[in-house]
Structures are given as C-alpha cells and as structure tokens.
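Undergrad: Okay, here's what each chain looks like letter by letter:
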Amino acid sequence: MQFNWDKYPLENIFDETISSPSNARAPSRKLLKNLNRLSESDVKERLEASDTAIKTMGISFTVYSDSGNIDRQWPLDIIPRIISNKEWQRVDLGLVQRLTALNLFINDVYNDKKIFKDKVIPLELVLGSPGYRKECEGVSLPFNTWAHICGTDLIRDAKGKFLVLEDNLRIPSGVSYMLENRRVTKRVLPELFESYDVQHLRDYPNQLLDTLSSIAPMKKKNPEVVVLTPGIFNSAYFEHSYLAQQMGAELVEGSDLVIDKDKVYMKTVAGLRKVDVIYRRVDDLYLDPEVFNEDSLLGVKGLMRAWRKGNVSIANAPGAGVADDKVIYTYVPKMIKYYLDEDPILDNVESYLCSERQQYNYVINNLHNLVVKPANESGGYGMLIGPQASKSEINKFKKLIKKNGRNYIAQPLISLSTCPVITSSGAKPRHIDLRPFILQSNNSYVTPGGLTRVAMKKGSYVVNSSQGGGSKDTWVVDT
Amino acid sequence: MLSRVAHRLYWLARYIERAENTSRIINVNSNLLFDLPTGSRVSWKTLIDITGSEELYKQLYSTFDERSIMKYLISDSRNPSSIICCLQMARENARTTREILPAECWEKINETYHIAIEDIAGGIGRKNRYESLQKIIYGCQLLVGLLSGTMSNNAAYDFMRIGRNLERADMGTRLIDMGCMNFLTDSSLTDDESHIPDLYQPILWMNILISLSAFQMYRQHVRERVNGIDVVNYLLKDNDFPRAVMHCLNQIQECLEKLPDGIHIAMEVEKIKRSITRAKTKVNIDKKLHEFIDDLQIRFIKIDDNINAQWFLV
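Heads up: the protein sequence lines correspond to chains R and F, in order. Residue numbering for the first sequence follows our numbering, beginning at 1 and increasing consecutively. Residue numbering for the second sequence follows our numbering, beginning at 1 and increasing consecutively.
Since the hints were derived computationally from the structure, they do not count as laboratory data. Using N, Cα and C, we set each Cβ at its ideal position, and we do this for glycine too. There could be a bad hint or two in this list.
[Claimed, not checked] Derived coverage of chain R by chain F (criterion: at least 3 residues anywhere in the stretch with Cβ under 8 Å from a Cβ of chain F; other residues may be distant): (1) 45-58; (2) 251-258; (3) 265-276.
[Stated by the list, open to error] So the derived label-pair ranges between C-beta atoms look like this: (4) R:K186 - F:F34: 46 to 52 Å; (5) F:E268 - R:L272: 22 to 28 Å; (6) F:I229 - R:L47: 58 to 64 Å; (7) F:L313 - R:K113: 34 to 40 Å; (8) F:L313 - R:K186: 39 to 45 Å; (9) R:P190 - F:I229: 56 to 62 Å.
One chain only, chain F, in its complex shape (with noise of 0.2 Å):
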C-alpha cells in the first residue's frame, strides 16, 4: 500500500478516536457536575487540561466559562481538535483514500460528519448535549464496528488500528492523569485548579470510568467499591478491557509486527508494556504516578515519530 494512504489512514483513525473520546469526557464531566456539591471547586477547565491545549485556549478565550469551553472543545474551528475538526479532518483523510476503505464506512464518516454539522449548536447548551455528543460516539462506534466486520485485516487496516489504539491509550492516561491532578493535597495547587473533597472521590473514579464505558467492565472485575488505586490499575494494566492502556498497547504492538520492517517499533513498545507492568501503582496516587503518567505520553509520541520515520517520510 502507497506510503500516502497509509498516513492518511492512521490519522482518518486517530481523528476519529478524537472526536469520540473529546465527546465522552465533555458528557461526563457534564454529568459529575450535577453529583457534585455546588461550590466545589471542580471546574469546566478540567476539560481542557485533559486535551492539553490551555495555550491555545487562552489565545482564543478570556474566561473558563461552561459556553465558551463546550464551544472551543465542539464547534471551534479555530481548535484542530476540536470535534467538528477532527471529524472534519478524518472525512476528508476517508475521501482521499476512498479506494481502499469499504464503501459503507464512507458513507458512515461522511453521515457522521453531516450529523454533527446540523446538531452541533445543541451539543453547546446544556440541554441537547448529551443526546448529540452520544450520537458522534455511536456514529464512530458504528464506524469502528463497520470496518472490524467488512475490512480486510491487511496493512491498511492495521495502521488505522494502531491510530486508533494510540490515540486511545493516550487519552486513556490523560483521564488517570486527572484523576490524579484532582487528588494531589499538594500545597503547590492554585485556586484556579480544581480540587475535589476526599468525600467525592468515588464519585471522580466513577465517572472516569464511565467515560471510558468501563464501569461495568470493571465492576465484574474488581469487585471492590471503587476506590482511585485500583481505577487506575485497571486501566493501565488491564489485558481484556478494549480501553485500558495496557490493551491498547498489545493492539498496537501486535499490529506492528504484521507490518514490514516494524519489528523495532514493536519492541519499543514491549518496553512500554514492561515498565507498566513494573510500576508500583498499587501504592499511592501521588506525584510519582503523575510523573508516571507524564513519561508515558512522551513515550507514545516517540512511537508516533517511529512509525512516521517508517512508513509515511518516504
């Protein structure tokens, strides 16, 4: 397969992994707002340290208000990942690459776009947020369901897997991050950062859960109440669950070794896997685990820039 396809294909993955997972966590910070005491300090611009883009945020924006952030993160397209973005971006990556992908998946990015399109200003107020953003994460669902049953498992598919896994394994570790972030009794916390009351921490992990549709997962799991250091071993080490960390990392690995010449890659990321594995998460939630975390992304970036020395800088 031609060099250019398969790049467009990783992203047209990745792309989508965004928007959908941009629309889970927007969905349930909603929802934690409303279990939440009013007054707490938990704030709306949780949402835009989890995508990493307060620079940016900044520039465009004066106050970290509910309307402003749930515009920047949906409808903004001044912010390239923002929803609309990203499944903009990933029918245009499926338009150009047409030829391989089966017909029906087309037409199910080209719809999903459409539909986020005509909705998007509901997904901004309060009330129809939840019924649009759950129509983008059914429309991608449907669309990784679509290539999984009519995709040949050929190169082209693997490396929109590999997007797809990379994207998720990264937004996998910026949720434990904030979890994390939310929990750090450290004095060096400002007032501008959210800082949840011990009380509610259940609640937190819960919700992280949920948006990672791994409540019930992890519930016949880990037959525990939920607590923050067993949340986060799960979804860091969990083999079988599709949206832990450790399982995105085996996808991806495996996916590497089918392609040509991808060997080193994939032990590159057996590396990662180890030092998982190793890690003394069963300890505590402090600022070694957020450093974890933070050595982790940078990891997954080297991989990004690997696969792109690789396949796509011909």
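With the rest of the complex left out, here is chain R (with noise of 0.2 Å):
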C-alpha cells in the first residue's frame, strides 16, 4: 500500500489534507479515495507520466548558480493542494482589498504624500527605502494604479488561519508554473477532475492581456503589448517567453527596443513599430541607462522620459517596488485602514521593526526564535531562521541589524501549514506556502488558487524553487 495514511505523522501544525488519522478534510475527501485507489504500480506510471510531461512541455527553471545547466525541470508533486471555495472567497476580497490599499498607497507616495503628512506612516522609512525611485515623483497613471501584477505570498498557521508573509510587487514569478502544473496535473490525475468542479485557471492570459491593455496611452484599442525580458540567462525567461506566447505578445529584449522623439518602437523586419505597453520583467535599475544604472544593456536609453510624458506604459509601473519593501509590509494595516475605512480581512504575520527602540531590544534578545528578513531581498536569500540556526549565525545577524537596523524585520516563526507529498517511503507531510496572482488596473482579478511551494525536505521552511523547493497544484473546489 503506497498511502499509509494511518501512518501519516500529523504534529501540531495544519495538515491541509489529513486532519485526524487517515481521515482527510471535508474538500480533500475524494482526493484521498482517488489516491488510495491506484495501486503502488499506478502510482509509479503517475510519476514517470509527470516525469515524461514536464521533460516534453520543457518546462524548466534557471538557477544560477547552477553553471551549464540554464534549463532546470519543473519540480511538481503530483498530489493537488485543494482549498474549499468558501474559505477561499474570503481571501480573494482580502486580496483585492490588500492591493487596493498598496496602490493607493504608491500613488501617494509619489504624488500627495497625505498619509505621511497625516503621520500614518514616517516618510524617511519610504524615502530610506530601496525600492523609492525620486524619479517617479508628480507623474499621475491611468486608473492610478502602479502595481499592477502582484504575487502575494500567503501561509496557514497553525490554526489554518490565512496569513500574509509578503507582497511581491516588482516583478513577482510563478503564475506560469501555476498554469503548467494543471496542465501537467491533467495528463497524470484525469480521473481525479471528474470527481471535482475544479475552478480553471485557463483564463489568467487573458485577464492579463485586458489589463495591459487597459492601461494604454491615450486608451488606445488594441495597443501594442509587449514583455520585456532580460533574455535567456534570466531565471524566469521561461514564464516570460511563455506569458508572451499565451498573450500573443513580442517577446522583447532591451536591444529589440529604440526610443526616437520621447516613443517607443521596437526593431521589425518591417521596419520600426510603435510600442504601447510594456510588460516588463526586468528590475527598475536596469530600465534605463540615461536614468538608472548606466551600464545597463538590458534596458533601452530613453524609457523613462517616454514613461513620464505618457507616451508609453509600463507595467509594473517604475517605482512600485516601493511598497514591496518589508518594513512598508508591516504598515499594510494601517494603510488599509487609512484609504479604505476598512479592517484587513487577512492578517499581516506579526512583525517587530528593527529599527524601532523597543521592538529592536526584543528582537536582538530572542533570535534565537524568530526569523528575520532583510527587507529588500527576494528568493528566500539572506534570512535567518533563528529556531534552526547556529550560534555563529546569530551572532553575525546581530551585527548586521545593530549596523543597519532600517534593513530588517523579525516575525515569530510560523509553522507552515503542510501537505502530503510522495517521497520515496510514501506520502509525508512538507511545509507549503500559497503565492496567488493579483492583477489591477480598472478592474481587479485574483487567481483561484495560486501556486502552492512546497519545501522538499523534511522539516524545511524553504520552498523557494530556487533553493531546491517543488510545487503543487492548487484547486480551489465546491464542497
């Protein structure tokens, strides 16, 4: 018997299918019935079926330190995550809500600045940010909006609560993933699809499409859309090259792009064509050699000036960033209180402020309990978990955050929810996290589901793809 479910260790942390021995919760019933009909063999055949899929859909990833190897397979756990669609309706308005707020936010930091002179938010935590672009200040953008695609990373705490642990809003990854795993899933599980309504994701290309194109100068129809990648060598080329093609869009690189009387054109076999959106993927730095970093090749010389007259749009807008920093992530809250005269519906992960007197004394006293982040980083790169630390390691975040206490955060140590995920001695729990895609422009757009990241190894908090993480597919289901 390939499930074991008796045996399924469960401590005290959220299982999002198992909930008490070899019982499963109420949206992952029929999934557990389905699983323990197939036999070891049928498992077997489902993994080489998924195996063969992602090997000739070539769906890979890049890890750079990875040397040689620019094309990774996709790692997927063939067991979908499934989440009941009532709990998830609440956290969609929480996103929309949450995105709202942020976008509000940016908006002001660059134009009015009413939440810092109402003394909300200090206005050196934004000015001191790495993320805040003084280039940005007085331009005003269709629908006011500046972070227009958002990956929202949520986890489960122990109580199966929503949390949220960060917003992506520069240039956020993984929603191809997203729609390759279903893909991948629908090959390898079809029978699993006919015992559930399983909300489809087929409609994201689109969705991100209208808002693009939404957002066009002069409200064009059918403007010229493009995503601007930084080429093959960048860890997510694929999901560029892939959102292109779904989208129907060129797929630019910084060399592809010329800049002649303060517009945008693109290098054809016809000749120069005008560009109306850009999608781009690449870091604010690197935009724009006359503006940014000048050694840029990335980027083309002259788009800022194209971008502040109006002439072209840019998405996510230069500047967004600003919001993404984990320090502003602390204030989401109190923003969203601030704009919308609402209460959060989904919490923040309780968060101390390095850079606070008294929060900054818990924290350099108890790390050896709490995860600290720096506040600019994506990737999983540069944390400390403190629980699972050395002492060396303590020490040396100690001096980093006596040194530059503005650059971190700490929050207490969340044990992730976790999912069943077949390992070579069967099914056991792995920590998992939810990244789902929110788009806004006039109108707001969340994916049912996300995608699920699952920490591979045994007791591991760490599921970003490119330290060695996996994924699941995420249902969002009627029960």
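Assembling the complex is the task here: the two chains are given apart, and the hints tell you how they should meet.
TA: Here is the structure:
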C-alpha cells in the first residue's frame, strides 16, 4: 500500500489534506479516495508520466548557481492541494482589498503624500527604501495604478488561518508554473477531475492582456503590448516567453527597442513599430541607462522619459517596489484602515521593526526564536531562521541588525501548514506556502488558488525553487 | 515581427533540416556500402566531403575510419554541424522563440532532441544506426508537418520556409556533386578519394535518390533505367519534387516576394533558377557540371548574405 494514511505523521501543525489519522479534510475526501485506489505500480506510472510530461513540455527554470544547466526541469509533486471555494472567497476579497490599498499608497508616495502628512507612516521610511524612485515623483498613471501584477505570499498558521507573509510588487514570477502544473496534472490524474469541479485557471493570460491593454496611453484600442525580458539567462525566462506566447505579444529584449522623440519602437522585419505597453520583467534599475544603472544593456535609453511623458505604459510601473519593502509591509493594515476605512480581511504575520528602539531590543534578545528577513531581498536569500540557526549565524545577524536596523524585520517562526508529498517512503508532510496572483487596473482579478510551493526536505521551511523547493497544483473547489 | 526573432526562426529551420539531411546521408551511405563489392574504393570519407568540413575533421581526428566519422557527424559537440549540435541549437532557438511557435512545435523539437540525446550511442555503432537516425528523420518531418498544419502562413512561417528550403537546396547540390566526383575518371583523383566502378553507377545514383526519399517519385517521373544524367536533371530541375533544387528555389522565391522589401532578393533567386533551366546537364557528368554546382553553392551563400543584410542586421 503506497498511501498509509494512518501512519501519516500529524504534529502540532495544520495539514491541508489530512485532519486526523486516516481522515481527510472535507475538500480533500474525494482526493484521498481516488489516491487510495491506486496500486503501487499505478503511482509509479503516474510519477513517470508527470516526469515525461514536464520534460516534453519543456517546463523548466534556471538556477544561477547551477552553471551550464540553464533549464532545469520544474519540480512538481502530483498530489494537488485542495482549498474549498467558500474559504477562498474570503481570501480573494482580502487580496483585492490589500492591493487596492497598496496602489493608493504608492500613488500617494509619488504625489500628495497624505498618509505621511497625517503621520500614519513616517516619510523617512519610504525615502530610505531602496525601492523608492525619486524619478517617479509627480507622475500620474491610468487608474492611479502602479502595481498591476502582484504575487502575494500566503501561509497558514497552526490553526489553519491564512496570513500574508509578503507582497511581491516588483516583478513577481511563478504564474506560468501555476498554469503548467494544472496542464500536467490533467495529463497525470485525469480521473480526479471527474470527481471535482475545479475552478479553471485558463483565464489568466486573457485577464493579464486585458489589464495591460487597459492602461495603454490615450486609451488606444488594440494597443501593441510587449513583454520585456532580460534574456535567456534570466531565471524566469521560461515564464517571460510563456506569457508572451499566451498573450500573443512580442517578447522583446532591450536591444530590440529604440526610442525616438520620446516614443518607444521595436525593430521588426518591416521597420520600426510603435510600442504602447511594456510588461517589463526587468528590474527598475536596469530599465534605462540614462536614468539608472548606466552600464545596463537590458533596458533602453530614454525609456523613462517616454514613460513620464505618458507615451508608453509600463507594468509594473517603475517605483512600485517602494511598497514591496518588508518594513512597509508592516504598515499595510494601517494603510487599509487609512485609505479604505475598512478592517483588513487578511492579517499580516506579526512583525517587529528593527529600526524601532523597543522592538529592536526584543529582536536582539530573542533571535533564536525569530525569523529575520532583509527588507529588500527576494528568493529567500539572506534570511535567518532563528530556531534552526547556529550560534555563529545568530551572532552574525546581531551585527548586521546593529549596523543597519532599517534593513531588517523579524517575525515569530510560523509553522507553515503541511501537505502530503510523495517521497520514496510514501506520502510525507512537507511545509508549503501559496502565491496567488492579483491583477489590478480598472478592474481586479485574483487567480483561483495560485502557485503552491513546497519545501521538499523534511522539516524545512525553504520553499523557493531556486533553493530546491517543489510545487503543487492548487485547486479551488466547491464542496 | 522582430528582426531578432526572424533570425532565430530562419536558423531554427536550417538546423532542423541539416540534422535531418545528415541523418539521411549517413543512412544511405551505410546502405550503399552493403551493396558494393568489398574492396571498392568508396569510403566513409565521402560523408565528410558532402558536408564540406574536411578541415575541421582533420583537426579533430587522425583517420577516416567509420567510427570516428560517425562520432564526428552524429554526436561530436566540437562539430557545429553534427546532428546533436544542430538539434541542440534548433532547440535553443525554439526555446527563445516559443512565443511565436505553436506550442506543439516546441514540444516536438524538445522531444526530438531528448530522443537523440538518449539514443545517440546507438547511432554510432552499426547495429542500431538505421533505427536511431530514422527516428530523428521522422522527428524532423513531423515538425515540418506540424508547422504546416498549425502555423499561420505569416512572416514567421516564411522565414522558416526560406531557411528550410535554402538548406535543402544546398544539400541537394552537395549530393549531386558527390555523384559527379565519384565518376570523374580524371587522373587527378588521388588514392584517398573514392572511385566506384562504372558497373555500380546506377547503385550509387539510386542511393542518392533514396537519401532524398526521391526514388519512387523519380521512378514515376522518369521511366528509364536509373542513370546519372537523368538523376542529376531530376534533382536539379524538377518543379514538383520537394527536395529538388528547383522546387526549393521556387518556395524561397515565393516567400521572399511576400516579405517586406524582399523583391530584390527574389529577383536574385529568379536568376539562379534561369541559369539552372539553361544548364546543359543533358550532355555529360563532367568537370563542367562540378563547376556549375560549385557556382550554385556560392550563389546560395549570397542569398543568405542578402537575407541577413535585409532583415536581421537592423
């Protein structure tokens, strides 16, 4: 018997699938029944089918440290994670509420600065954020939206409550893997789809194209939308090309673009062609060598001028990363109250600011109990997981925080929920998180579910694929 | 469409065609050897001659034995025209133009590449050579079929068709040339070079036809005993057979005329076509024919140069 659910270890953690020995949570009951019908060789067959599908479909990602291997196979665990629609509705509302507030905030940062004048958030925090761009001051954008595409990371605590871990407002990635996970799962476990009405994800590329088209300058109909990629060596190149393909947009590199009289053109076989909207997957600082990093070959000279004049739209807008800062994150509940006069539907993880005296003292004295994160890193780099860290690591972070408190926040270690993952010794619980994607311009859209990322090692909390994490197809179902 | 993307698609098609053609000539040459008397002076080196890469080969290998030549043509990563290298570069170009290609096409290229990687050892030894190379040929053909059945006949498709047909025309002329070289009874031939007794001429030409999958079509078209002059004429001048040089040039011309500012290159192609029509290939397989073929290949290179200058070097 492959799935020995009565031996499935349940600790003091919320498991997404199993509620008590041998019993599934309501949304996963039919899943368990289906899985139990599979013989050992069936399971093996399905695993092989999944591997083959991923290989032929060419679903891959890049790890920078992995020299020479620029496309590694995407790791997928075939057991889907199932969430009830009822529960999801609340999350959906919470995410839209959150992004609405965040966009009002970013717009406020670069325009009226009301929230600072009203002393809800200290202005120095924003001006000191590496994501703040003085070049964006005074810019007004269609629908006042700056972060058009957001990937917000959610976790569940020991009681199963969804909490926001962070908002990724710069160039969040992973959505292509969410879509491809679904495609593979359909091939591998087709019969499971007969037992469930799974909310489809097919609409994402359309929604993305709608969002991008809606922000075109002069409200142009059928605007020329392009995806700007740093090129094939970027870790998310697969996704860039996938999204361009799904939207029927050109995938351009910086060298494909030129600026003439503050307008953006791309070099085509029929000469130059005007570009209206750029879905950029290049970091702010590489967008325009005239304004930012002058050595950058990834962007195009004069792009910021074209953007400031309103001749081209950029998503996410330059400067949107100011709200991506983990210190700013701690203020999001206050933003929601301030701009929308509502209580947050989704809570933050309790957080300590190392720049505040009292909180700083608490952090320094309790590092062994806390998770410390740099305010502006992504991909899980530069973190300290106190309870799992050595003495010397803790000392190293003490020094780092003393030196630059503004750059760190600390959070209690939340025992991320687990989900069964197929290992060589049967199904075992592994920690997971969830990244839904939120689109915003004149409308809002939230992907039903999102990308579930899995820490493949026992007890590990590191879910980033760049650090060996895996993934799961995520289902939102009516139960 | 972007110039950079057009460039990649053009080469994607060329690489796929080259991988297929190399697989074909290896299979046919292997077959030919079984038909010829032992001790005949046909050699594996012919394959190096056809691919026009003797210089590189000599840098890498010391003898022209079967195994070295197979390794060089099939799997050697130092030979940019080896089957594996071609498939790898085709895959890389497909990976970087996925937004343009129908999804199944990327999957097919990817799959063909993986099959080749896993199977490659088999192709070097004699036992499984035919099967493993045949798989690659089918993989490439399937791709061409998929493209023709699923891709809009837009500029992207035209660039791929040009690349494919130019590569095909080039290989066609190389094979004709190989036939010529084998029958030049010229005393300038050194011992190193192959020479086949006249008696076996039809067998050689039949094999050339077979390597282009042209044997049956030729039979239906030319109802005479296979002979060199007829085969050369057919492979150069036939309008209907997809791997005949004239047919390839027609296709290239058609695509060029559709592309923005392609007309002047199309006119160059027209000129090449005219000189093929005028060529007196009815007379003899001789040195003149070899020179004519040489000239054709130079003109193909010029077409490639013009395409580069017109669309890719923006």
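Undergrad: All hints are to be evaluated individually against the structure, with a verdict given for each.
TA: Tested hints:
Counting residues of the stretch 45-58 of chain R whose beta-carbon sits less than 8 Å from any beta-carbon of chain F gives 4, enough to reach three: the coverage restraint holds. Using a Cβ-Cβ cut-off of 8 Å, 5 residues of the stretch 251-258 of chain R lie near chain F, which meets the minimum of three, so the contact claim holds. Under the rule that three or more residues need a Cβ within less than 8 Å of chain F, the assignment of the stretch 265-276 of chain R holds, with 6 such residues. Taken as a hint, the range 46 to 52 Å holds for the pair R:K186 and F:F34, whose Cβ atoms sit roughly 48 Å apart.
F:E268 and R:L272 have their C-beta atoms about 26 Å apart, which keeps the hinted 22 to 28 Å range intact. Range check, F:I229 to R:L47: about 60 Å between beta-carbon atoms, so the 58 to 64 Å window is met. The hinted range of 34 to 40 Å is not satisfied by F:L313 and R:K113, whose Cβ atoms lie roughly 49 Å apart. One distance hint, 39 to 45 Å for the beta-carbon pair F:L313 and R:K186, holds here, with the actual separation near 44 Å.
Separation of R:P190 from F:I229 is about 59 Å and conforms to the stated range, judged on CB atoms against 56 to 62 Å.
Going down the numbered hints, you'll see the structure goes against just number 7.
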